[in-house]
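Novice: Sequence:
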Amino acid sequence: MKTGDNSSKGGGNARIWKIACVVFLVAALVCGAIACAGSERQSEAEDEFERLAEQTNVEKTDPPATPEPSSEKPTPEPSETEPEETDPLEILENMGIPVPEKEVDFADLQANTNEDIYAWIYIPDTAIDYPILQHPTDNTYYLNYNLDGSRGYPGCIYTEDYNARDFSDPVTVLYGHNMKNGTMFAGLHKYGDSEYMDSHPYVYVYTEEKLLVYEIFAAYEYSDKHLLYNKDYTDSAIFAGYLEEIQDVHGMNHVVKEGVEVTEDSRILTMSTCISTKPNNRFLVQGVLLNGE
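Following our numbering, the residues of the sequence shown are numbered contiguously, the last one being 293.
Quick caveat, the hints were computed from the structure, so don't treat them as lab data.
All values derive from a computational prediction rather than experimental measurement.
Careful, some of the hints might be misleading.
To be verified - Pairs of lysine-lysine residues, derived as DSBU-like cross-links and limited to a Cα-Cα distance of at most 30 Å, are as follows:
| no. | residue 1 | residue 2 |
| --- | --- | --- |
| 1 | Lys-278 | Lys-210 |
| 2 | Lys-102 | Lys-225 |
| 3 | Lys-190 | Lys-180 |
| 4 | Lys-102 | Lys-278 |
| 5 | Lys-225 | Lys-180 |
| 6 | Lys-210 | Lys-190 |
| 7 | Lys-190 | Lys-231 |
| 8 | Lys-257 | Lys-190 |
| 9 | Lys-278 | Lys-190 |
Claimed, not checked - Cβ-Cβ distance ranges computed for the label pairs, FRET-style:
| no. | residue 1 | residue 2 | range |
| --- | --- | --- | --- |
| 10 | Glu-208 | Thr-140 | 18 to 26 Å |
| 11 | Glu-115 | Asn-281 | 54 to 62 Å |
| 12 | Glu-115 | Asp-198 | 33 to 41 Å |
| 13 | Ile-238 | Ser-150 | 21 to 29 Å |
| 14 | Tyr-229 | Glu-209 | 49 to 57 Å |
| 15 | Glu-44 | Ile-16 | 14 to 22 Å |
| 16 | Glu-90 | Asp-166 | 30 to 38 Å |
| 17 | Asp-108 | Gly-149 | 29 to 37 Å |
| 18 | Lys-180 | Lys-102 | 35 to 43 Å |
| 19 | Asp-193 | Asn-112 | 20 to 28 Å |
Every residue, glycine too, gets a C-beta built ideally from N, C-alpha and C.
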């Protein structure tokens with residue numbers, strides 16, 4: 001009887017072990033399938049961003065031929081004429097700021113890609129070339145969701161409803177993931193090098209109405225404290241204190257560019273991303289608007 005009991009127990013243990021192995025194998029297969037699906041969604045989302053960025057590039061064409069001078073005398077202009085309006089892009093060129101050959105069709109993007117797209121951010125010679133979105137009801141939606149509404153990485157570049165969508169606030173904050181493959185806002189970490197900041201000085205933000213250009217003046221590690229919640233930067237004293245805080249930040253990868261004018265009347269664009277080794281910290285890159293009213 002004892003021998004039979006031991007045999008019975010041994011067989012039971014074997015069956016339990018087999019069941020456990022099957023359960024483990026099924027769980028591993030399920031996890032693997034989920035991981036593969038997530039990786040495929042991420043790849044598709046990144047391909048879509050790349051396609052949209054390519055779509056905004058203007059094809060270079062040969063300049064029109066210069067007409068031959070006419071022998072006829074030009075007709076005199078009327079004495080009372082309205083002065084010609086200055087081209088905003090020409091203003092930038094006069095400031096010595098290069099204007100990218102780029103056009104963004106917001107009507108097409110909103111109709112065919114995502115209606116929450118309201119601006120576009122571009123930093124030449126970097127991977128940062130993305131639409132900017134703002135969800136109407138959920139401030140963290142695009143932290144977790146892609147352009148097509150699928151959940152997962154890489155998410156989107158987005159603002160919260162603390163900010164107006166016309167970039168008129170003293171401080172506008174853009175959020176984006178720090179992706180391991182260098183996409184989204186991962187490239188911001190390069191601005192911890194002053195030479196890189198000098199060679200990549202401008203951020204271009206396209207809106208439906210205009211092109212805004214910011215000059216980058218600061219990059220540094222910061223806490224995960226919310227920059228906009230309960231902060232009224234329209235109060236000149238609060239804004240002045242914030243500018244002093246930027247100047248006083250010290251630590252690793254802290255760069256503040258000298259010679260860039262930032263005053264209480266300035267408008268600042270803050271780009272925020274995570275630090276992989278410091279989950280409770282953020283890396284911020286900030287630019288000051290050059291061509292605002």
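Novice: With reference to the structure, classify each hint as holding or not holding.
Specialist: Structure-based check of each hint:
Of the supplied pair hints, the one linking Lys-278 and Lys-210 is violated, its CA atoms being roughly 37 Å apart against a limit of 30 Å. Only pairs whose Cα atoms come within 30 Å are accepted, and Lys-102 paired with Lys-225 is rejected, the gap being roughly 35 Å. A hinted pair counts as satisfied when its Cα atoms are at most 30 Å apart, and Lys-190 with Lys-180 qualifies at roughly 14 Å. Between Lys-102 and Lys-278, the direct Cα distance comes to roughly 36 Å. Violation of the 30 Å bound is thereby established for this hinted pair.
For the given pair, Lys-225 sits about 23 Å from Lys-180 by alpha-carbon distance, which is consistent with the 30 Å threshold. A distance of roughly 28 Å separates the Cα atoms of Lys-210 and Lys-190; the hinted pair therefore holds under the 30 Å criterion. Note on Lys-190 and Lys-231: the hinted pairing holds, with a Cα-Cα distance of about 28 Å set against a maximum of 30 Å. Our distance criterion of 30 Å between C-alpha atoms is met by Lys-257 and Lys-190, whose separation comes to about 14 Å.
Taken as a hint, the Lys-278 and Lys-190 pair is honoured in the structure, with Cα atoms around 17 Å apart against an allowance of 30 Å. Between Glu-208 and Thr-140 the CB atoms are about 25 Å apart, so this pair conforms to the stated range of 18 to 26 Å. Under the hint 54 to 62 Å, the C-beta atoms of Glu-115 and Asn-281, about 34 Å apart, miss the expected range. A C-beta distance of roughly 38 Å is found between Glu-115 and Asp-198, which places it inside the suggested range of 33 to 41 Å.
About 39 Å separates the C-beta atoms of Ile-238 and Ser-150, a value inconsistent with the hinted range of 21 to 29 Å. Restraint check, Tyr-229 to Glu-209: a C-beta distance of roughly 28 Å breaks the suggested window 49 to 57 Å. Remark: the range hint 14 to 22 Å for Glu-44 to Ile-16 is contradicted by a beta-carbon distance near 42 Å. Between Glu-90 and Asp-166 the Cβ separation comes to about 22 Å, which falls outside the hinted range of 30 to 38 Å.
With their beta carbons about 18 Å apart, Asp-108 and Gly-149 fall outside the hinted range of 29 to 37 Å. A hinted range of 35 to 43 Å is violated for the C-beta pair Lys-180 and Lys-102, which are about 27 Å apart. Look at Asp-193 against Asn-112: about 38 Å separates their beta carbons, and that is not inside 20 to 28 Å.
In terms of the numbered hints stated before, the structure departs from hints 1, 2, 4, 11, 13, 14, 15, 16, 17, 18, 19, listed from lowest to highest.
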